[in-house]
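Asker: Protein chains in written order, with our numbering: chain A, 1 to 113; chain B, 1 to 113.
Read the hints as simulated data drawn from the structure, not as lab findings.
Careful, some of the hints might be misleading.
Said to hold, decoys possible - Here are the simulated EDC-like pairs of lysine to aspartate or glutamate, each with C-alpha atoms no more than 16 angstroms apart in a straight line:
id	chain 1	residue 1	chain 2	residue 2
1	A	K42	B	E42
2	A	K78	A	D62
3	B	K52	A	E99
4	B	K49	A	E99
5	A	K83	A	E18
6	B	K52	A	E101
7	B	K49	A	E101
8	B	K52	B	E63
9	A	K57	B	E42
10	A	K42	B	E8
11	B	K105	A	E44
12	B	K60	B	E76
Since this is a predicted model, take the numbers as computed values, not measurements.
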Amino acid sequence: EPEVTQTPSHQVTQMGQEVILRCVPISNHLYFYWYRQILGQKVEFLVSFYNNEISEKSEIFDDQFSVERPDGSNFTLKIRSTKLEDSAMYFCASSEAREFEAFFGQGTRLTVV
Amino acid sequence: GNSVTQMEGPVTLSEEAFLTINCTYTATGYPSLFWYVQYPGEGLQLLLKATKADDKGSNKGFEATYRKETTSFHLEKGSVQVSDSAVYFCALSVLNRDDKIIFGKGTRLHILP
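With the sequences and hints as input, model every part of the structure.
Answerer: And the structure:
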């Protein structure tokens with residue numbers, strides 16, 4: 001069964017460092033998303049991406065964040081200068097169409113120290 | 001704006017008990033409604049969905065009916081198992097309004113043997 005894969009599963013980084021979280025969406029999907037979940041709290045939307053551009057972003061997705069689809073398969077989230085409060089589980093998701101359900105990856109746990 | 005409200009957890013039940021997790025929503029337009037489940041240490045999995053009023057989504061013994069008149073999508077299961085212990089998220093998306101899924105805060109369910 002097709003699935004969304006994310007790497008790495010866990011990343012530890014020092015405050016102020018740049019991190020890139022990687023995702024391989026399901027191959028025929030057209031919409032891509034990043035969400036985050038601070039430990040034990042709600043799942044928060046960060047950004048959606050369609051047709052090689054951001055289609056919607058939340059207030060959390062400030063200038064420190066960027067997304068890219070560098071080739072036909074990968075979808076990345078970059079945080080330029082990490083802060084302690086960026087520590088969270090980051091989930092990538094993809095969907096075939098906007099009205100369809102999103103399929104989520106297993107997540108990358110980011111720990112900023 | 002669009003939002004989802006679900007009952008606070010944790011919910012603790014004995015095996016074979018009847019489960020209800022309440023979910024209500026506020027939406028402009030016509031939302032699709034979802035229940036996602038997050039098992040310990042794992043990502044988000046779609047449990048069931050309903051795309052229009054009076055639709056019933058079902059999967060793995062869980063059911064939820066899209067009630068437009070009460071703006072609700074309560075999750076039910078007749079006889080829970082220990083393996084159902086997880087966090088359950090009610091969610092919605094509104095076609096042609098949003099490019100994202102909006103999640104409730106999640107309800108942690110503990111099933112005792």
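Asker: Determine for every hint whether it applies to the structure shown.
Answerer: Hints, one by one, checked against the model:
Between K42 of chain A and E42 of chain B, the direct Cα distance comes to roughly 15 angstroms. Compliance with the 16 angstroms bound is thereby established for this hinted pair. Restraint check for K78 of chain A and D62 of chain A: the C-alpha separation of about 11 angstroms stays at or below 16 angstroms, so the hint holds. Among the hinted pairs, K52 of chain B with E99 of chain A is consistent with the structure: their alpha-carbon atoms are about 12 angstroms apart, no more than 16 angstroms. Restraint check for K49 of chain B and E99 of chain A: the C-alpha separation of about 11 angstroms stays at or below 16 angstroms, so the hint holds.
Restraint check for K83 of chain A and E18 of chain A: the C-alpha separation of about 10 angstroms stays at or below 16 angstroms, so the hint holds. Under the criterion of a C-alpha separation no larger than 16 angstroms, the hint pairing K52 of chain B with E101 of chain A is consistent with the structure, at around 14 angstroms. Pair hint K49 of chain B plus E101 of chain A holds up; C-alpha atoms about 8 angstroms apart against a cutoff of 16 angstroms. Between the alpha carbons of K52 of chain B and E63 of chain B the distance comes to roughly 15 angstroms, so the proposed pair stays at or under 16 angstroms and holds.
At roughly 25 angstroms between alpha-carbon atoms, K57 of chain A and E42 of chain B are farther apart than 16 angstroms, so this suggested pair is violated. Between K42 of chain A and E8 of chain B, the direct Cα distance comes to roughly 12 angstroms. Compliance with the 16 angstroms bound is thereby established for this hinted pair. In summary, the hint linking K105 of chain B to E44 of chain A is supported, as the alpha carbons are separated by about 9 angstroms, within the 16 angstroms threshold. Annotation: proposed proximity of K60 of chain B to E76 of chain B holds, straight-line Cα distance about 11 angstroms (limit 16 angstroms).
The earlier numbered hint that this structure contradicts is number 9, and it is the only one.
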